[in-house]
Amino acid sequence: MQDKIFRTLLIVSAILIPLICGGIIYSLSSDASEAFGHFGFWHFIFSDDWVTTSGKESYGALPFITGTLLTTLLALLICIPFSLPVALFTGEYFRGKKIAAILSTITDLLAGIPSIIYGLWGFYALRGIFMHLQLSPQGSGILTAAFVLAIMIVPYAASLSSEFIKMVPADLKEGAYGLGATRAEVIRRIIFPTAGSGIFSAYILAIGRALGETMTVTMLIGNTNQMPETLRTTGNTMASIIANQFGEADGLKLSSLIAIGLLLFLITAVINMVGKILIRRAQHV
Amino acid sequence: MKTKDKNLEFRILKNRLLYVTVCVLSALTAVPLIAILGEVLIKGWDQLGWSFITEATPNAYKALTAMANGESVPGGIANGIVGTFLMLLLAAVVAIPVGILCGICLSEYRGNWFATIVSYLTDLLQGTPSIIIGIITYIWIVVPTKGYSGYAGSVALFIMMLPLIIRSTEETMKILPETLKEAGLGLGGSYWRVMLKVMLPASFGSIFTGILLAISRVVGETAPLMFTTLGSAVISWNMSRPMSAVPLLIWEFFNDPNLQSLIWGASLFLLTFVLCLNLLAKRIAKKWKI
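Residue numbers (the working numbering), protein chains in the order written: chain P, 1411 to 1695; chain L, 537 to 826.
Derived from the structure by calculation, the hints contain no laboratory data.
Possibly wrong hints are sitting among the right ones.
[Stated by the list, open to error] Covered stretches of chain P (chain L as the covering partner; in silico rule of three or more C-beta atoms under 8 Å from a C-beta of chain L):
{"id": "1", "segment": "1412-1420"}
{"id": "2", "segment": "1433-1446"}
{"id": "3", "segment": "1515-1521"}
{"id": "4", "segment": "1531-1542"}
{"id": "5", "segment": "1582-1596"}
{"id": "6", "segment": "1624-1636"}
{"id": "7", "segment": "1641-1655"}
Just so you know, even glycine gets a beta-carbon here, dropped at the ideal spot from N, CA and C.
Please model the entire structure based on the sequences and the hints provided.
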């Protein structure tokens, strides 16, 4: 009898998760339907209007989708040359040594810093440097936001990649060493091909993190609602426009912001699912 | 013969080059951490004090007069600390048992279609951007109750914590030896007793680590609180009214030029709390390793 109650309790608590996920999709879609109905689904996605004057209201998501994709891809590009060495450092060169443990503690702490503090640091410390180097006229903009985002996703990409590098069978590596390969050659010809799919999925998950990052980007991207022309100009991402304007929005604008939220949710959901499926596959090889 | 030597030299050189590059770039990764810690510590150290954590945030007028008189801005972040504490407490009290039960369920029924789906959906929820959690809590709680409240903030934090706790429970339960459960059942223990009195205590260390990490992850979240609990300038213990939270205060200070001098003290407080939780979790994980 008690067993039955316990098993029911287990199932009930597990049902909560599909309920929440389904509820998120349902609520976002039903609240976004006003905007989609008013502008048309594709028109909403491909329009770059953001007119808030009442009577002539017109909203489109394209500048924000572009901003999100630009910051994320740029962050990924900046992140790779740092996260890959860290993964090799902790997973191969100094595996199991004290110094590797220290480095992974450092990256863990980096992962633990709240995003609002990254934003503050970027705004007060990094922005001046960017202006000084003339990388961007006001210091804030897509480039600045992407740079800080890159620092934020290095720990995720590095620790996952390192796990996969550690999983490369020792006999494969020993075989290569036996044939006279140098360590660099073992890394290039044995570790990367074997752990490649795992490392790839680690970066997919890092992209998933960067897509939805809100506070840091909101503080650093400059918050302008036009299409970004170059990487040095200001812009807005899907998350930052919501953070900026949701508080005072109502009616059609609120619905448009929720529609952007729905799109963001769907994009991150797809990216995360692809990443997880690839990871599960890589782990079972 | 000579060309071969050259070839070998080149390979050795490449090998060295890669080694040095890896070391240098890895070392560079520590720079942001040191820079952030340094910045927050240097600018925030003077502000931290007893009154900073016991007094509420001053209003803009008070801050302005203090600045005009050349005094430092009075007040602190006590309203944020109380709010963060209450909301986090409520979220954790609900999320921990539910998350643990769900985690047990996922590991017990692994391979089953239902558990597989729930497992994927847990990942989905974990990857959901925090701003979306904010919107959804706004739609679910704030709109029907017609007001921002501490409860709404708590619900947002609960949704963020749940998948983290489920994951850590599930992963831990999966690596416990099957024989442990069989031994318990073989001694005549009923299923629920074996699960709660044998399996759960055996995995206590790493589930506890998971809980600490989950708390440290959500304590610094700003985005889900902006549209749910709004913020409050006075110390409030009433969760059905708007409340403040430490990260929310940092966001307010960032946007209000009069209060900007409080920003670093609040950041130092939050950062110290989060990093200590992280280090503590790491220690416990090491000590209680299964």
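Q) Do at least three Cβ atoms from the segment 1412-1420 of chain P come closer than 8 Å to Cβ atoms of chain L? A) holds (count 7)
Q: Please count how many residues of the segment 1515-1521 of chain P have a CB within 8 Å of a CB from chain L and say whether that reaches 3.
A: holds (count 6)
Q.
Cut-off 8 Å, C-beta pairs, minimum 3 residues; does the coverage of the segment 1641-1655 of chain P by chain L stand?
A. Answer holds; 3 residues pass the 8 Å Cβ test.
Q.
Using a Cβ cutoff of 8 Å, are there at least 3 residues of the segment 1531-1542 of chain P near chain L, or does the coverage claim fail?
A. holds (count 4)
Q. Residue count check for the segment 1582-1596 of chain P against chain L: does it reach three with CB-CB under 8 Å?
A. holds (count 4)
**Q.** Cβ contact check, 8 Å cutoff: the segment 1624-1636 of chain P against chain L, three residues minimum
**A.** Our answer is that it holds, as 3 residues pass the Cβ test (under 8 Å) against chain L, meeting three.
Q) Do at least three Cβ atoms from the segment 1433-1446 of chain P come closer than 8 Å to Cβ atoms of chain L? A) holds (count 5)
Hint compliance for this structure: every hint is met.
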